[in-house]
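Participant: Mind docking chain U on chain B? Use the hints.
Protein chains: 2
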Amino acid sequence: MHKIDAEAIENIAVGAALLGTGGGGDPYIGKMMALSAVNEYGPVRVISPEEVDEEAVYTPAASMGAPSIMIEKMPKGDEFVRVFQKLEKYLGKEIKGVFPIEAGGVNSMIPIIVAAQLNLPLVDCDGMGRAFPELQMVTFHLNGISSTPMAITDEKGNIGIIETIDNVWAERLARTATVEMGARALISNCPCTGKEVKQASIHNVVSLSENIGRIIRSKELETQEKFNQLLEITGGFDLFNGKITDVQRNIEAGFNRGKMVIEGLKNDTGEQVEIYFQNENLIALKNGEPIALTPDLICLVDQETLAPVTTESLKYGKRVRVLSLPSASQWRTNIGIETVGPRYFGYEYEYTPVEDLVKNGACV
Amino acid sequence: MHKIDAEAIENIAVGAALLGTGGGGDPYIGKMMALSAVNEYGPVRVISPEEVDEEAVYTPAASMGAPSIMIEKMPKGDEFVRVFQKLEKYLGKEIKGVFPIEAGGVNSMIPIIVAAQLNLPLVDCDGMGRAFPELQMVTFHLNGISSTPMAITDEKGNIGIIETIDNVWAERLARTATVEMGARALISNCPCTGKEVKQASIHNVVSLSENIGRIIRSKELETQEKFNQLLEITGGFDLFNGKITDVQRNIEAGFNRGKMVIEGLKNDTGEQVEIYFQNENLIALKNGEPIALTPDLICLVDQETLAPVTTESLKYGKRVRVLSLPSASQWRTNIGIETVGPRYFGYEYEYTPVEDLVKNGACV
Numbered sequence: 001m002h003k004i005d006a007e008a009i010e011n012i013a014v015g016a017a018l019l020g021t022g023g024g025g026d027p028y029i030g031k032m033m034a035l036s037a038v039n040e041y042g043p044v045r046v047i048s049p050e051e052v053d054e055e056a057v058y059t060p061a062a063s064m065g066a067p068s069i070m071i072e073k074m075p076k077g078d079e080f081v082r083v084f085q086k087l088e089k090y091l092g093k094e095i096k097g098v099f100p101i102e103a104g105g106v107n108s109m110i111p112i113i114v115a116a117q118l119n120l121p122l123v124d125c126d127g128m129g130r131a132f133p134e135l136q137m138v139t140f141h142l143n144g145i146s147s148t149p150m151a152i153t154d155e156k157g158n159i160g161i162i163e164t165i166d167n168v169w170a171e172r173l174a175r176t177a178t179v180e181m182g183a184r185a186l187i188s189n190c191p192c193t194g195k196e197v198k199q200a201s202i203h204n205v206v207s208l209s210e211n212i213g214r215i216i217r218s219k220e221l222e223t224q225e226k227f228n229q230l231l232e233i234t235g236g237f238d239l240f241n242g243k244i245t246d247v248q249r250n251i252e253a254g255f256n257r258g259k260m261v262i263e264g265l266k267n268d269t270g271e272q273v274e275i276y277f278q279n280e281n282l283i284a285l286k287n288g289e290p291i292a293l294t295p296d297l298i299c300l301v302d303q304e305t306l307a308p309v310t311t312e313s314l315k316y317g318k319r320v321r322v323l324s325l326p327s328a329s330q331w332r333t334n335i336g337i338e339t340v341g342p343r344y345f346g347y348e349y350e351y352t353p354v355e356d357l358v359k360n361g362a363c364v
Numbered sequence: 001m002h003k004i005d006a007e008a009i010e011n012i013a014v015g016a017a018l019l020g021t022g023g024g025g026d027p028y029i030g031k032m033m034a035l036s037a038v039n040e041y042g043p044v045r046v047i048s049p050e051e052v053d054e055e056a057v058y059t060p061a062a063s064m065g066a067p068s069i070m071i072e073k074m075p076k077g078d079e080f081v082r083v084f085q086k087l088e089k090y091l092g093k094e095i096k097g098v099f100p101i102e103a104g105g106v107n108s109m110i111p112i113i114v115a116a117q118l119n120l121p122l123v124d125c126d127g128m129g130r131a132f133p134e135l136q137m138v139t140f141h142l143n144g145i146s147s148t149p150m151a152i153t154d155e156k157g158n159i160g161i162i163e164t165i166d167n168v169w170a171e172r173l174a175r176t177a178t179v180e181m182g183a184r185a186l187i188s189n190c191p192c193t194g195k196e197v198k199q200a201s202i203h204n205v206v207s208l209s210e211n212i213g214r215i216i217r218s219k220e221l222e223t224q225e226k227f228n229q230l231l232e233i234t235g236g237f238d239l240f241n242g243k244i245t246d247v248q249r250n251i252e253a254g255f256n257r258g259k260m261v262i263e264g265l266k267n268d269t270g271e272q273v274e275i276y277f278q279n280e281n282l283i284a285l286k287n288g289e290p291i292a293l294t295p296d297l298i299c300l301v302d303q304e305t306l307a308p309v310t311t312e313s314l315k316y317g318k319r320v321r322v323l324s325l326p327s328a329s330q331w332r333t334n335i336g337i338e339t340v341g342p343r344y345f346g347y348e349y350e351y352t353p354v355e356d357l358v359k360n361g362a363c364v
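Protein chains in written order, with full-length UniProt numbering: chain B, 1 to 364; chain U, 1 to 364.
By construction, these hints were calculated from the structure, which means they are not laboratory data.
Take the hints with a grain of salt, since some may be wrong.
You can't tell identical chains apart in this list, so a pair holds if it fits in one copy or across any two.
As the list claims (entries may be wrong) - Quick list of in silico lysine-lysine cross-link-like pairs, BS3-like style, CA-CA up to 30 Å: (1) K89 - K156; (2) K219 - K195; (3) K315 - K93; (4) K198 - K93.
Isolated chain B (complex conformation) (with noise of 0.2 Å):
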């Protein structure tokens, strides 16, 4: 891939929208606002990781907070190209390329907007390969790379930078902001050299989602082919198969947190899956045992569709798959599993692979 161009965007929509494990904003908002910014300024030029200029700057735009908001309270439009420019500003050197911070169905279309408005290579690479609710939850983190500075803003024009003491600082620090602006904010954050870019991002990202959404996408496989394939391309695994029975959910804090209940299609068995939420799905029991954990990737998709399903669309009755893909090697260390294990979000369960739950009967 060496343009973004309409087809990508819709492809890479619904594929970053899996990844994005639930979180990550709706695909649809974000999609087309990328569309519409290809459409006018023309198709982004994607750059591999290992086509970056290791001296030059390269930065992340994004949006920060709960997702569900964005559905009520649009974009202006501005705001994406404002925050970056402000960074920009603010660090007093031209920023030579924009990434994805996170794989989301928003979070992976504004670096696209960004790149095409301003005529800037995307990287093919983000700090995740997943989505997470908070902002230290990112690779560069795990690398000793700042947040800060960052930019942050809201659509009627409020700008904040943020330079922090750490990177847990930062994420208070923007998501009190967040909150304030009305629970959802455009930001720009962990500027990196090229030789960080390398170093510290989850590379093919970009890639990885074109190839999952194209497959979803498909119009000439079956279902079943698909979900194979998907499986074949993630290293996936296929957990469960049910029904949204109940959905428990608020907005507090900037997040939108819930637990979610799926029970087995066929009632007599008895099994169900919960799961939990922040903004993306951490936690899946099954009849109370863990069958994925955190950091590990737990992805929901419509049963028929395959499209991904995101925490502000569950509803009752809806009928899902559920999978898990492993996540990235740098997620599975210490300092990794410490940053965004279970029992950083107050699960007390050890992190396990979910590769390893599976041998144990996790899976479908």
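Facilitator: Relative to the frame of chain B, chain U by itself:
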């Protein structure tokens, strides 16, 4: 007054605490920091607002948040200059002088610290002529001057730059940052040209503070003589004389909020005054009827020493005199009353100047 030396600091700390109407922080801590700065760097040069360079930039340096916190969370010492210089760098223009944003124990002292450490002149003015609890409550706001760009920092070293679409948004975003930073932060905001300082500031507040402090601290004068001189130089009124019998307060959203009851010393008269405060004293009622209303100043002083009483040092049994000083004429306009009048703070009283209330019998 051409220089602020140790003696002037002692006087200003006391006088500004009186004008601080209960808010503006504990005068002791602020004073100690200023004395130490002047001791290390030498006396601070004071210039009149008439002497500023009309084209140059001048900014306040201040503390934001609940003053109570300052007693437990001591400043580190470098944050006053750090935030000021951060704003200067962000503006890309040399700041030629500093001034207090308000009168108050702490906020009259911080500009002295910055002026001493950076060898800058202190402009003899402020933005309130008293203290008020919110950022947009400055005469600069009434004159259409923006609170931002502003810089904010904490004692840990976290820094924010805020640029907003209006001054109420500046207050909202800076307030949430202040709360997250631990309910107290240092700011430098409202950058003004010299011309704006001349036109929009309240002139000679530093000198007035010093004169008030000199009277209160005088060793020659008797208490009643001091009191009479105070009323004379401020145009103030003697409203009540009594004993604090109840104090209700809580820290919420970064403010000290509460209410006190003062009973007349001759209990048989049954007279009592209630004063409502939000950092600063805002409303005084005598037997349920208003005797002084924001923006006019409601000041408490110790019955014997005439030392100003801050809201954080209120306690049962303390004997106090309540006086009220007419606010600056800029506050008594329609936009002034809209910004800081009783209704803004949620009290359903029509603003009436204290001199009119006194005519109707509010005085002792």
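Participant: A separate judgement is required for each hint: does it hold in the structure or not?
Facilitator: Okay, the hints, checked on the actual structure:
1. K89 - K156: both (20 Å within a copy, 25 Å between copies)
2. K219 - K195: neither (40 Å within a copy, 69 Å between copies)
3. K315 - K93: Answer is neither; intra-copy 46 Å and inter-copy 55 Å both fail.
4. K198 - K93: This pair counts as within: shortest intra-copy Cα distance 19 Å, inter-copy 37 Å.
Violated hints, in rising order: 2 and 3; the structure is consistent with all others.
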